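There are 2 protein chains.
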Amino acid sequence: MSEQKPLILVTNDDGVTAKGILSLVQAVSAFGDVLVVAPDKPQSGMGHAVTIGQIVRLNEVRFPLDGIRAYSTTGTPVDCVKLAIYRILDGRKPDLLVSGINHGANSSINVIYSGTMSAAVEGAVEGIPSIGFSLLDHSADADFEASGRVVGELVRSALQNGIPKGTCLNVNIPVGRPESIKGIKICRQARGFWEDAFERREDPSGKEYFWLTGAFSNHDRGEDTDEWALEHGYVSVVPVHYDMTAHHAIAVLNSWDINDKIAE
Amino acid sequence: MSEQKPLILVTNDDGVTAKGILSLVQAVSAFGDVLVVAPDKPQSGMGHAVTIGQIVRLNEVRFPLDGIRAYSTTGTPVDCVKLAIYRILDGRKPDLLVSGINHGANSSINVIYSGTMSAAVEGAVEGIPSIGFSLLDHSADADFEASGRVVGELVRSALQNGIPKGTCLNVNIPVGRPESIKGIKICRQARGFWEDAFERREDPSGKEYFWLTGAFSNHDRGEDTDEWALEHGYVSVVPVHYDMTAHHAIAVLNSWDINDKIAE
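Residue numbers (our numbering), protein chains in the order written: chain A, 1 to 264; chain B, 1001 to 1264.
Among the hints, erroneous ones may be present.
So the derived list for chain B, only partly shown, Cβ under 7 Å to chain A, looks like this [what the hints assert, rightly or not]:
1) V1050
2) I1055
3) R1087
4) V1111
5) I1112
6) A1146
7) S1157
8) N1161
9) P1164
10) G1183
11) D1196
12) V1238
13) H1241
14) I1250
15) W1256
Calculated directly from the structure, the hints in this document are not laboratory data.
It should be emphasised that the depicted structure is a prediction, and the values quoted were computed from it without experimental measurement.
Where is the CB? At the ideal position from N, CA and C, for every residue including glycine.
Work the whole structure out from these sequences, hints included.
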């Protein structure tokens, strides 16, 4: 038995003390050696932000499970992935990256705002098989039992099959006990958007400030989307890539009458 | 002449006082009424971050060009787009959104880290024809003369043709005088990545901290990429969309042997 156990990097965007990351570590620790590198505070909505023009700190911390090496950082989820690879592991790439389990959905358009998913996308950019997990429950004490089983099944499959190069997985899990989940569906990202609003308030000195609020709405009637799967009691799995080129639009743009003599 | 002039929303990630946004406003003001909503400080590398769990402030500011209505915000570039539409314009969508001109390249993988491009992507999510402009020069006093002409040509074309639905344009401009630019090429995003590093330092109390550094390298030999165009003296235009689904990977994942009886 000289074979090395897989090295599994775990991160999230709710911070190293969130219940979701503890549930994720519990679910993956049977599959390999775990390294946790996560933000020291909530970083929801951080998208693919990286820390430029500011310093980052990295501190070894005690994780509430024996034998787990864990670090917190002052940076974003994407910073955590970069710090893990280029600072802690000195350039060694983990065999698997898992991010989450997020407290709240990251389906549809939320994939671009999500720190959880941006960490997984960064893993894919680095060539690491990467999966982001999110549970459709924002509460701090959400029930991650079903999620833990979904993590186990998908991590087993990913370690066995690999993940298509240049992609990562966006996994969303409906609320409910394990027996209420109907199954796992491979999906595409639904066309859904936020109708935003800003709630205006005044600070104690009378100066105005705003809170971003809004409501998500799904504009997609397709039955092959993540929103459809979740509404019907399934776990959704969307393969996500970082090539943002709208390939179909290249021919349209080539038909534009652009004067490319810039100097005239 | 009762026809309304187009409303053009201008934002960036270098902050409202950057030279690049002044050059952009100068270049677009001939095409319509301009509204500037930009961060009050540099927000480079902010990706698609939105401000959640924190307040945002919005202040009307004096822009250094007559007749330009301008606001600064404490938020990210994506917040600026949301604040413009849902707070300042009360839900009215601008006819065009332009972001930049960024001081520095946003070609290849940089599209996912870039605040400039995330503002343009957010515009596309909102159904607004949107273009992000970046000049391959980081310096604060970069020469934006050629860039201004490129902006003029592409804004004219975009207002005339529209931009394919669900996409925005990522425009990168090589350094040089207008006569040195060979033309404008429609491209795909090159497969290129950052080799990151963290420079370790100690603060005055002896506690360590890090600066993210690194070097970009292009792994793509294709001659249809943004990197190729820029290296050969052309302006690159990449159509970018926000459907991050790796559609080609759906069939691969469907071949996985997943046990979707979660309760067993």
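Broken hints, by number: none
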